[in-house]
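Chain order of the listed sequences is A and B.
Under this note's numbering, the first residue of the first sequence carries the number 1, and numbering increases by one thereafter.
Under this note's numbering, the first residue of the second sequence carries the number 1, and numbering increases by one thereafter.
Among the hints, erroneous ones may be present.
[As the list claims (entries may be wrong)] Listed next, the stretches of chain A that the computed footprint assigns to chain B, with coverage defined by at least 3 CB atoms under 8 Å from CB atoms of chain B: (1) 16-26; (2) 37-44; (3) 86-100; (4) 121-129; (5) 214-226; (6) 259-266.
Since the hints were derived computationally from the structure, they do not count as laboratory data.
Glycine residues also receive a C-beta, built at the ideal position from the N, C-alpha and C atoms.
Here's the letter readout for the chains.
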Amino acid sequence: MKQLSTRAKWAWALITIFVLAYALFPIVSIFATSFKLPSQLNLGLFWPKTWTFVNYEEILAPGGSAQTLFLSSLRNSIGICLIATGIAVVLATLAAYAIARLDFPGKRLVLLTALGVSIFPVISIVTPLFNLWRNIGLYDTWLGLIIPYLSLTLPISIWTLAAFFRQIPWELEQAAQVDGATTWQAFRKAIVPLAAPGVFTTALIAFFIAWNDFVYGISLTSTDRARPVPAALAFFTGASQFEEPTGSISAAAIIVTIPVVILVLLFQRQIVSGLTQGAVKG
Amino acid sequence: MTTVADKKPDLHDAAAKAGRSDRARSEARLGWLLAGPAFVVMLAVTLYPILQAFYDSLFNFRLTAPDDKSWTGLTNYSVVLTDPLFWQALGVTVFITVTTVIVELLLGFGLALVMHRAITQLRGLLRTAILVPYGIITVVSAFAWFYAFDINSGYINHWFDWVPGISPDLNWFAQQGTSLFVIIMSEIWKTTPFISLLLLAGLSQVPTELEEAAEVDGATWWQRLTRVVLPNMKAAIMVAVLFRALDAFRIFDNVFIMTNGANGTEVLSLLAYRTSIGRLEIGLGSAISVLLFLCVILICWVAVKLFKVDLAGGARGAG
Numbered sequence: 001m002k003q004l005s006t007r008a009k010w011a012w013a014l015i016t017i018f019v020l021a022y023a024l025f026p027i028v029s030i031f032a033t034s035f036k037l038p039s040q041l042n043l044g045l046f047w048p049k050t051w052t053f054v055n056y057e058e059i060l061a062p063g064g065s066a067q068t069l070f071l072s073s074l075r076n077s078i079g080i081c082l083i084a085t086g087i088a089v090v091l092a093t094l095a096a097y098a099i100a101r102l103d104f105p106g107k108r109l110v111l112l113t114a115l116g117v118s119i120f121p122v123i124s125i126v127t128p129l130f131n132l133w134r135n136i137g138l139y140d141t142w143l144g145l146i147i148p149y150l151s152l153t154l155p156i157s158i159w160t161l162a163a164f165f166r167q168i169p170w171e172l173e174q175a176a177q178v179d180g181a182t183t184w185q186a187f188r189k190a191i192v193p194l195a196a197p198g199v200f201t202t203a204l205i206a207f208f209i210a211w212n213d214f215v216y217g218i219s220l221t222s223t224d225r226a227r228p229v230p231a232a233l234a235f236f237t238g239a240s241q242f243e244e245p246t247g248s249i250s251a252a253a254i255i256v257t258i259p260v261v262i263l264v265l266l267f268q269r270q271i272v273s274g275l276t277q278g279a280v281k282g
Numbered sequence: 001m002t003t004v005a006d007k008k009p010d011l012h013d014a015a016a017k018a019g020r021s022d023r024a025r026s027e028a029r030l031g032w033l034l035a036g037p038a039f040v041v042m043l044a045v046t047l048y049p050i051l052q053a054f055y056d057s058l059f060n061f062r063l064t065a066p067d068d069k070s071w072t073g074l075t076n077y078s079v080v081l082t083d084p085l086f087w088q089a090l091g092v093t094v095f096i097t098v099t100t101v102i103v104e105l106l107l108g109f110g111l112a113l114v115m116h117r118a119i120t121q122l123r124g125l126l127r128t129a130i131l132v133p134y135g136i137i138t139v140v141s142a143f144a145w146f147y148a149f150d151i152n153s154g155y156i157n158h159w160f161d162w163v164p165g166i167s168p169d170l171n172w173f174a175q176q177g178t179s180l181f182v183i184i185m186s187e188i189w190k191t192t193p194f195i196s197l198l199l200l201a202g203l204s205q206v207p208t209e210l211e212e213a214a215e216v217d218g219a220t221w222w223q224r225l226t227r228v229v230l231p232n233m234k235a236a237i238m239v240a241v242l243f244r245a246l247d248a249f250r251i252f253d254n255v256f257i258m259t260n261g262a263n264g265t266e267v268l269s270l271l272a273y274r275t276s277i278g279r280l281e282i283g284l285g286s287a288i289s290v291l292l293f294l295c296v297i298l299i300c301w302v303a304v305k306l307f308k309v310d311l312a313g314g315a316r317g318a319g
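Isolated chain A (complex conformation) (with noise of 0.2 Å):
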């Protein structure tokens, strides 16, 4: 590595300051907004003139005005999105092994089936849902987003998964068997340990893109039953009629920005290689 010359430090200093001011700002915005007495929003500062508890409380504390709603939208939106990733990685793991390692006619229609579908207008498949999941039964129910859910979750995790594991070298397998390793000691000793990384970045990947969902959260629900986050954002109301839930739906954002940004901070290399393995091979 040569010496990096004062200019180029200095220039690494100013893209880093850019850099980091591009990809912060709009979240340091709305997280001094959440700190905002509700009295003080319109005084056109940046900062809180007075930081305060009080929108947090709105939507945490027991009898705020938006608890209920943000707590049971908090609820639904982890178990639908952790139950869409969770079958999502299962289907993909499998399809993706056969197509990393079996010769079989279709596997080119079965990528391209995953990508047609990650392209898809969502919207367009929400009319026929909205309709049929309300003349079974399935409209505001956690399964009536998880199906849908699949199409946003599928695709991204069956590309990701077969692009890891055509990276695997599968031969570590024999070579354990010739050692004298079974069948099932072979695979897990040599090759989960291989492709477990993979699966766990291509899960959260597919969560990201599920808990980002809001055309199928508000077209398919309709109470707390089922409403997930982003959708329940848009419901929000003031303490009173007069009042802009402005600040309330300042501190939910904040809440559900937390783990998205903690989970990033420990794994962005893993999440990093996951996109641009998946999206550009070839």
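Let chain A serve as the given structure and place chain B on it in line with the hints.
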């Protein structure tokens, strides 16, 4: 090898072929056994609904009067296609798509270069920062930008009141141009990381020897970029543009949160949503859904046929 086969063609060859096709058959069976469930689920959650939407679009069908469902053929399509609102929504959608794709391509390429070249000490920090918007919920991004510009809770008007046209009284969400500006800003902020990761993948496939050779030959930085790097990552750029264009074309969240389609900011997805879910006009809404789907197919077709985007590159790599 060939000579051996020539000498004893019958038995040996036939046995080998039979063995191979047996193996091939069992491999094909196992392949479909493993990939089948995922394949069926994908078809079930997309192919079935779009066929149902096409079927519903041929009926005069309102959920407010479900018993009056009657066959109307293509009437719904002519109603939609002769409605100026549809064409306006299409125009706004195309405008947002084109603007965001162009800006994101430039900004995303800059960010990809930064991530690609970053010195080791900064690489983790920069990549983490760039990934943050990718992980943020679009609705959260929409609220963040909305509150920053909003005439009541915002501070942008105060910060930029020295810019001609911006004053504390400017209501960004009261007219089309300024509303679209904020919507596009939020869209760009949230989705540029994705395009820049696709471009990063393309950048890392450019052989370093080529760049070094050009440097030795005295090429400037700009010449290396335009003559060596960009031509070598054309495929990645095309795929990134197509993916982003298709994603931008279904924009919904930002518009819903900021203006809900008011003041000439209606987009196609929102129009479909309000027709079927809002007004319960399933027939008309399905027609819009089908038209939106056809637009996406058309964009893909143009990209693949005219610009020769190799979408199946990954699929071929699998073979």
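The hints, checked one at a time:
1. 16-26: Held - the segment 16-26 of chain A has 7 residues with a Cβ nearer than 8 Å to chain B, which meets the minimum of three.
2. 37-44: holds (count 3)
3. 86-100: Coverage by chain B holds for the segment 86-100 of chain A (8 residues, Cβ < 8 Å).
4. 121-129: holds (count 9)
5. 214-226: holds (count 4)
6. 259-266: holds (count 5)
Figure legend: structure checked against the earlier numbered hints; every hint is met.
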